[in-house]
Amino acid sequence: MPADPAVKAIQEKLAEIGFTFVGKPDGVLGARTRMAVREFQHYASKEYVAKLKNGAPPSRYIDGLERVKNNHRFPVNYKPNGRHDLPAPDQTLTLLDAWWQAKYRCPVVVEARRRVAAGEVIPAFGNLWLYDDPVVTDFLIRNKVRSKISGALLEFRAADFSVAAPQTEWLSMPIVGSMYIYGRYRGGVTFNTAHLEDDLEYLPENLTGQNWGQLGNEGKVLFRIVRTMAEQECRGFFDCLNGYDNAVMSLGPCHWTLALGCGTPPRKKNTKMLSGELAPFLAYVIGRHPDVLKDHFAPYGVSVKGDWPSGSSGAAFKGSWEATRNFLGRLQWWTGGPRDEEIAQFQDLQWFRTTHWFHRFVVMSRTSPELRLRQWDMVRMRLRDILICKLGGNGPYRDNRIGDLYTSDLSLALLAALPCAPL
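Those letters in the sequence shown? Residues 12 to 434, per the numbering used here, in order.
Warning: the hint list may mix true and false statements.
To be verified - With a straight-line Cα cutoff of 27 Å, these simulated BS3-like cross-link-like pairs (lysine-lysine) come out:
#: 1; residue 1: Lys80; residue 2: Lys57
#: 2; residue 1: Lys19; residue 2: Lys57
#: 3; residue 1: Lys80; residue 2: Lys64
#: 4; residue 1: Lys305; residue 2: Lys231
#: 5; residue 1: Lys62; residue 2: Lys35
#: 6; residue 1: Lys305; residue 2: Lys316
#: 7; residue 1: Lys19; residue 2: Lys62
#: 8; residue 1: Lys57; residue 2: Lys305
To be verified - Between beta-carbon pairs, the in silico distance windows are:
#: 9; residue 1: Arg235; residue 2: Lys35; range: 46 to 56 Å
#: 10; residue 1: Ser56; residue 2: Ser422; range: 45 to 55 Å
#: 11; residue 1: Lys231; residue 2: Glu23; range: 52 to 62 Å
#: 12; residue 1: Asp37; residue 2: Glu180; range: 29 to 39 Å
#: 13; residue 1: Arg125; residue 2: Glu208; range: 35 to 45 Å
These aren't lab readings, by the way, just hints derived from the structure by calculation. Source: prediction; values computed, not measured. Beta carbons: idealized from backbone N, C-alpha and C, even for Gly.
Please take these sequences and the hints and turn them into a complete structure.
Rendered as structure tokens:
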């Protein structure tokens with residue numbers, strides 16, 4: 012594909028004002044450029060942004076920024092061509108130039124530091140978007156790290172200048188998590204107990220909105236099942252997330268996945284990833300609480316496919332699964348129109364593997380009680396649909412249901428945690 016001078020100019024300006032996710036300016040309108048423009052569209056619509064302070068730049072990137080009112084705002088307008096949406100190059104470049112002249116910078120900054128010993132940290136990287144950024148790769152090579160990391164070799168924290176004047180002292184910044192390596196994948200994780208919020212434990216009040224005494228006998232049994240699953244899958248905390256493997260992002264007591272990849276990352280850029288279980292769960296949440304879409308996804312041009320529908324089982328569900336819902340699906344490019352496009356391409360899903368998207372999922376898990384309460388609903392519906400499934404076949408027990416065979420709390424927890432078959 013020939014280089015486009017207008018696209019290259021946009022790429023250069025995006026990198027200069029802090030959207031380094033765009034990559035090397037080559038003039039080609041690829042996935043990274045589209046994603047970086049979406050990021051810019053979102054942050055340029057904010058009332059407040061970050062700005063370079065006057066004077067010599069400090070050694071630490073975030074120390075050179077201050078919070079200012081945004082006098083060059085840009086209304087987000089995602090057009091009906093979904094993932095290929097790109098504002099008019101002239102319009103985009105004009106606004107980028109205005110930001111550059113005003114010394115504006117991306118208002119959310121993710122910083123990474125290396126933990127050396129207990130309580131001791133040294134500066135590592137500022138304004139980090141990618142877990143496979145060249146500076147991170149160089150760090151791993153120099154430290155002879157070639158495989159899975161145990162613990163927080165690199166810890167990540169964030170500052171958001173668009174919300175309020177942020178704390179920029181390292182230990183006062185909100186924790187985003189640490190980096191983990193899984194084969195040829197890298198990404199964020201909040202698996203370390205030091206990164207989990209004490210008040211976000213899977214307790215009856217957080218999960219169901221009721222205390223233990225209000226649950227009743229059946230509710231207590233179900234809660235024990237969910238708690239057993241959560242202990243195994245997410246350490247018993249709502250903000251324990253995985254963003255480092257071929258599932259791209261996963262959360263919840265069943266660790267619902269955004270997508271399902273196979274083996275190492277596909278080499279072909281147009282390779283499709285298999286459907287996951289996180290998008291249908293989010294569709295169910297948003298169907299009950301539309302503000303979750305408005306606050307956490309629509310600003311970035313991301314949506315889900317309508318409400319979570321009853322009676323629309325996936326192709327893998329047959330026979331006695333007529334009563335099920337669709338437990339598999341994908342996120343979509345949001346256009347506000349009726350023909351949103353699924354986010355199914357491997358290169359597009361890598362946007363959700365950035366530090367900024369991991370930060371957004373962490374924030375959503377910590378600040379959205381709706382997301383937590385609806386997990387209780389989803390696990391119960393999932394378990395119900397599993398238990399009513401008949402064994403089938405030609406044997407004498409073909410009409411028996413799975414629920415006739417598995418009755419203990421532990422066996423039910425194991426059944427509910429099993430991943431659905433991919434579409």
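Tested hints:
1. Lys80 <-> Lys57: Holds, at about 9 Å.
2. Lys19 <-> Lys57: Since the Cα atoms of Lys19 and Lys57 sit roughly 25 Å apart, the hinted pair holds (cutoff 27 Å).
3. Lys80 <-> Lys64: holds, 14 Å
4. Lys305 <-> Lys231: violated, 34 Å
5. Lys62 <-> Lys35: Since the Cα atoms of Lys62 and Lys35 sit roughly 23 Å apart, the hinted pair holds (cutoff 27 Å).
6. Lys305 <-> Lys316: holds, 14 Å
7. Lys19 <-> Lys62: It holds: about 24 Å lies between the C-alpha atoms, which stays within 27 Å.
8. Lys57 <-> Lys305: Judged against 27 Å, a Cα distance of about 15 Å means the pair holds.
9. Arg235 <-> Lys35: 46 to 56 Å: At 53 Å between Cβs, range holds.
10. Ser56 <-> Ser422: 45 to 55 Å: Holds, since Ser56 and Ser422 (Cβ atoms, about 50 Å apart) stay within the stated range.
11. Lys231 <-> Glu23: 52 to 62 Å: holds, 60 Å
12. Asp37 <-> Glu180: 29 to 39 Å: holds, 38 Å
13. Arg125 <-> Glu208: 35 to 45 Å: Violated, since Arg125 and Glu208 (Cβ atoms, about 23 Å apart) do not stay within the stated range.
When the structure is compared with the earlier hints, violations turn up for hints 4, 13 and for no others.
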